[in-house]
Amino acid sequence: MKNFRTIILAAGLALAAFPNAFAQESNENKVIITGVRFAYPLVDKWIKEYTAANPKAQIVIETRTITDPAKYDLLIEAYDQEKEVKDTREYISIGRYALLPVANAKSAFAKEYADKGLNEKTYKQIFFHDIYAEKDKSLTTQYTIYTRLQKAGAPLTFARYFGYEQQNIKGKAIAGADEHLIKALLKDETGITYTTPGLAYDLASRKPLEGLTIIPVDLDGNGRVSKEEKALENLDQVIATLEAEKVKNVPVENIHFSIAKNNSNQEAKKFLLWVAANAEKDLHQFGYLKADAKRLADEKEKLERFQAVK
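Numbered by mature numbering (1 follows the signal peptide of the UniProt record, and there is no 0), the letters in the sequence shown go through residues -23 to -1, 1 to 287 in order.
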């Protein structure tokens, strides 16, 4: 009887210890990601592929609801942070995104400017508060601009490209993510905004999202919009143009992951290096441009050294 009780006690202790061991392993393999929402579909694809090859990994995306990034292992960011922040984190730039002007397809604005397009002067007059900007007196079509309320990558990139700050963008400020601008615009026949190709186009058909018109811009800076610059009906053709030429009037910025320099999560580091090696094949599918090759190589080298630190 004594031996039987000893066996039962030992078995109980083993069972009690097993969940703790499992929990410890789970925590070691768990990676929490947050950041710019328009990148979630692309990042989700990478998570599925990575976890298929690394079944113990538990990588999740959480919609960020607090400003303190310490809770998260990885941040997806769509603009360069201030130096004080950059000095505390390691970065890997895995692609680039562009920002295109779009309008409700039923609007008078879409009908007029899908034909004549936007040059730099008209672009600034439409989207920005600038009392010193030269006015285009032919701009008489009614429109309603939609922009982001919170500080975010797309509006910061859009404004800074033209020499402004986010607060200088005109229009109705919408709370939420970039896709909420599209939803608001589709409900307003006067609506216009700026957005990424991944939100402006149907990723399956590669055509503009139903209800949207992509507004052409003066890509070469010669003051007018050519027939070639109006060719916006196919997402792959637009990406090819933006990658092949140094274009004007289209803001382009890096999309990157960052990790705190004091973060010792080895699974997060492994995932970042996996993304750096595998990201390129998926970028065009989701409407992104390829990363700057030299920048990616330099950051990957730094990340490899960082991974070696336990």
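These aren't lab readings, by the way, just hints derived from the structure by calculation. Using N, Cα and C, we set each Cβ at its ideal position, and we do this for glycine too. Just to be clear, a hint being listed does not mean it is correct.
Taking CB as the label site, the calculated pair distances span [said to hold, decoys possible]: (1) LYS93 to LEU250: 26 to 34 Å; (2) GLU5 to ALA221: 41 to 49 Å; (3) LYS98 to GLU5: 54 to 62 Å; (4) GLU97 to ALA254: 23 to 31 Å; (5) GLN58 to LEU250: 19 to 27 Å; (6) GLU187 to LYS225: 28 to 36 Å.
Right, here's what the structure says about each hint:
no.	hint	verdict
1	LYS93 to LEU250: 26 to 34 Å	47 Å, violated
2	GLU5 to ALA221: 41 to 49 Å	44 Å, holds
3	LYS98 to GLU5: 54 to 62 Å	56 Å, holds
4	GLU97 to ALA254: 23 to 31 Å	39 Å, violated
5	GLN58 to LEU250: 19 to 27 Å	21 Å, holds
6	GLU187 to LYS225: 28 to 36 Å	29 Å, holds
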